[in-house]
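Asks: Here's the letter readout for the chains.
Protein chains: 2
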Amino acid sequence: MSCNYLYRSVSHRLPNFICYTPIAPTILSHKSPFCSSRRRRQSRSFSISAGNSFTWDDVFRVPESPQNDDSALSGFFDKIKLCNRDLEKQCEFMPFVIEDQIIGYVHHGFADFLKPFQNVFIFPQDNTYGSHFGCYCTLHPNLSTPNDRTKAVANVVKSLGELIPGIRNELFPVASAFGEHIFFALERAAAPYFGIKAYGVHMNGYLEKDGQEFLWLGKRSEQKTTYPGMLDHLVAGGLPHDISCGENLIKECEEEAGIPRSISHTAKPVGAVSYVDIEGYRMKRDVLFCYDLKLPGGFIPHNEDGEVESFRLVPVTKVANIIRNTSFFKANCNLVITDFLFRHGHIKPEVFGYLKLLQSLRSGYCS
Amino acid sequence: MSCNYLYRSVSHRLPNFICYTPIAPTILSHKSPFCSSRRRRQSRSFSISAGNSFTWDDVFRVPESPQNDDSALSGFFDKIKLCNRDLEKQCEFMPFVIEDQIIGYVHHGFADFLKPFQNVFIFPQDNTYGSHFGCYCTLHPNLSTPNDRTKAVANVVKSLGELIPGIRNELFPVASAFGEHIFFALERAAAPYFGIKAYGVHMNGYLEKDGQEFLWLGKRSEQKTTYPGMLDHLVAGGLPHDISCGENLIKECEEEAGIPRSISHTAKPVGAVSYVDIEGYRMKRDVLFCYDLKLPGGFIPHNEDGEVESFRLVPVTKVANIIRNTSFFKANCNLVITDFLFRHGHIKPEVFGYLKLLQSLRSGYCS
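Heads up: the protein sequence lines correspond to chains D and U, in order. Using full-length UniProt numbering, the letters of the first sequence map in sequence onto residues 1 to 367. Using full-length UniProt numbering, the letters of the second sequence map in sequence onto residues 1 to 367.
For the record, the hints were derived by calculation from the structure and aren't laboratory data. Just to be clear, a hint being listed does not mean it is correct.
Any copy will do: because identical chains look the same in the list, a pair fits if it lies in one copy or spans two.
Stated by the list, open to error - Calculated cross-link-like contacts (lysine-lysine; reagent style DSS-like; alpha-carbon spacing at most 30 angstroms):
hint : residue 1 : residue 2
1    : 209       : 294
2    : 89        : 219
3    : 219       : 251
4    : 115       : 318
5    : 219       : 318
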């Protein structure tokens with residue numbers, strides 16, 4: 001007996017994202033496709049416009065917003081969209097399968113570039129894995145060991161040249177789910193072209209003072225190749241395959257914010273957020289493990305690796321308004337801080353859209 | 001262009017529940033269908049057996065378990081199953097639709113009892129809403145106002161007599177999602193027969209002492225008709241349609257644990273859990289709004305409404321072991337406390353199954 005219609009209803013629980021083109025950092029007007037029409041309010045615009053870059057002064061000038069009207073969460077929904085682009089294009093990808101496990105997704109256009117490498121990639125005509133194209137991508141059966149697969153795929157990636165830019169010589173593990181058997185390792189920059197899941201650790205550093213909570217925010221160096229000059233929470237980093245989440249976090253705490261192990265070992269894992277972002281041939285499937293670190297009042301973070309320009313301590317209510325009213329934050333940091341806002345009681349069930357926003361923080365393949 | 005195969009992969013992210021029959025409170029052996037075969041460990045049994053009832057002494061005798069082996073989370077997965085029974089039978093239900101919105105699900109066997117009431121319920125032959133049976137359930141178009149619908153459905157429920165036992169004369173709102181337009185109100189006991197979503201507020205009361213966290217647990221009165229003598233967290237209650245979550249929680253805090261408003265108003269909303277439980281004609285779709293209340297060290301809860309026999313303060317690590325190793329807790333309390341364990345860092349990403357368990361806390365229609 002088939003239950004397809006119920007599966008469909010489950011999938012409908014995910015937000016129905018629309019096509020979205022990322023924009024330069026600016027203060028946004030509010031209008032969310034997540035609110036039903038009768039809930040929508042007039043879109044608002046603000047007098048501050050930061051253009052392509054902004055200063056801490058701009059950050060602290062972000063206006064207050066009404067916290068309890070029906071459109072209060074629309075700015076948060078906008079930031080979820082920013083991380084989950086073009087989801088309707090998932091049907092342009094075919095499953096990438098190893099040993100009967102779906103470990104990623106390959107765009108049919110990108111597949112055309114892989115097809116000449118017949119000793120590495122093969123494309124069986126078989127919709128066992130539900131491909132819209134009646135085929136899937138897999139590795140040649142001669143490549144039976146992780147080592148063989150890693151080398152063979154690395155050679156193809158190298159051969160593709162500028163089709164996959166930004167090679168970092170950093171290997172990411174490839175598995176069907178976190179903690180599962182690793183089939184091979186893949187260059188980090190190539191992972192989204194094969195729809196491989198990537199994992200990271202993200203930490204909010206906070207303190208309590210006079211009954212109010214504050215978050216330490218970083219402003220990224222203008223020299224960073226990704227998201228230069230934008231806001232970050234205190235510590236974040238991708239998770240390579242040779243280190244645990246907890247140990248990676250302690251390492252990143254030291255490098256990014258000068259937090260010694262004596263403090264960082266008290267950081268608490270508090271859950272995870274996830275998203276799926278499609279851009280051209282790339283399907284970025286990210287899971288971010290979230291951590292909270294309660295910092296002592298006297299602690300001042302200092303960057304050790306040149307990736308952060310400066311830090312500021314900001315009241316959590318102000319941080320919430322920055323997320324809602326601007327695009328100052330590096331896109332995925334919005335999700336991690338919104339998760340913090342939920343867990344610390346700053347977003348309340350009385351506000352329309354509470355459950356939908358909570359659920360959408362794990363829009364991706366959280367596995 | 002269809003994206004069905006991707007929808008399928010989304011639905012596969014939900015745990016693949018197997019048929020489960022609830023058992024009397026006892027200490028369980030460990031074996032989880034969620035762990036892949038290579039991850040499974042030998043099932044273990046313990047010498048304590050509580051039978052149909054148990055005392056606080058039994059609770060405190062629950063043995064320690066290894067926290068970090070590969071099967072560490074299997075006891076938690078068992079409790080998720082306890083709340084999400086017979087999910088494969090969702091296909092025996094048809095959508096219940098009002099004004100183009102799916103607001104519930106009706107079992108095809110139960111529908112046979114509704115069909116004689118042709119002025120109230122109609123069953124169009126149309127699979128617009130994806131019904132496996134090529135039909136759906138809706139109300140007669142003459143019933144166009146909430147008041148008319150409430151009265152007409154109440155009369156049918158009354159006519160069905162013992163088919164719907166346990167009438168409480170308590171009305172629940174019927175909407176497609178929380179905070180959305182209310183189509184009518186329905187007797188609480190009848191809600192699962194129409195697959196209507198129900199909402200509740202559940203609160204963990206905790207305190208910190210010498211760097212360790214403790215939870216206040218309640219033991220339900222042996223006179224309760226549901227889950228007599230079982231463990232509860234500190235405060236919980238269903239959400240009627242005429243009160244907000246926050247106000248309902250304050251009311252329940254007073255009635256269930258004697259917590260005055262001066263303390264309970266500091267309780268923080270921290271998210272939600274959800275589940276779907278099928279039993280016969282009933283599809284119970286629950287969403288529980290979770291709250292944390294940090295209590296002062298000197299506070300002792302006392303029950304005001306006779307529903308709780310007694311309270312004890314229990315170290316959180318012990319509570320985690322009670323969940324993992326016993327079925328002492330009222331079923332849905334396991335989910336709310338497991339959510340607490342995640343948010344407070346007691347379950348770590350290094351343990352196999354972390355993301356799957358986290359995701360499964362919202363197995364239901366969290367909307």
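Asks: All hints are to be evaluated individually against the structure, with a verdict given for each.
Replies: Now the hints, each set against the structure:
no.	hint	result
1	209 <-> 294	both (11 angstroms within a copy, 17 angstroms between copies)
2	89 <-> 219	neither (33 angstroms within a copy, 51 angstroms between copies)
3	219 <-> 251	within (20 angstroms within a copy, 44 angstroms between copies)
4	115 <-> 318	neither (51 angstroms within a copy, 56 angstroms between copies)
5	219 <-> 318	within (16 angstroms within a copy, 42 angstroms between copies)
Of the numbered hints stated above, those contradicted by the structure are hints 2, 4, listed in ascending order.
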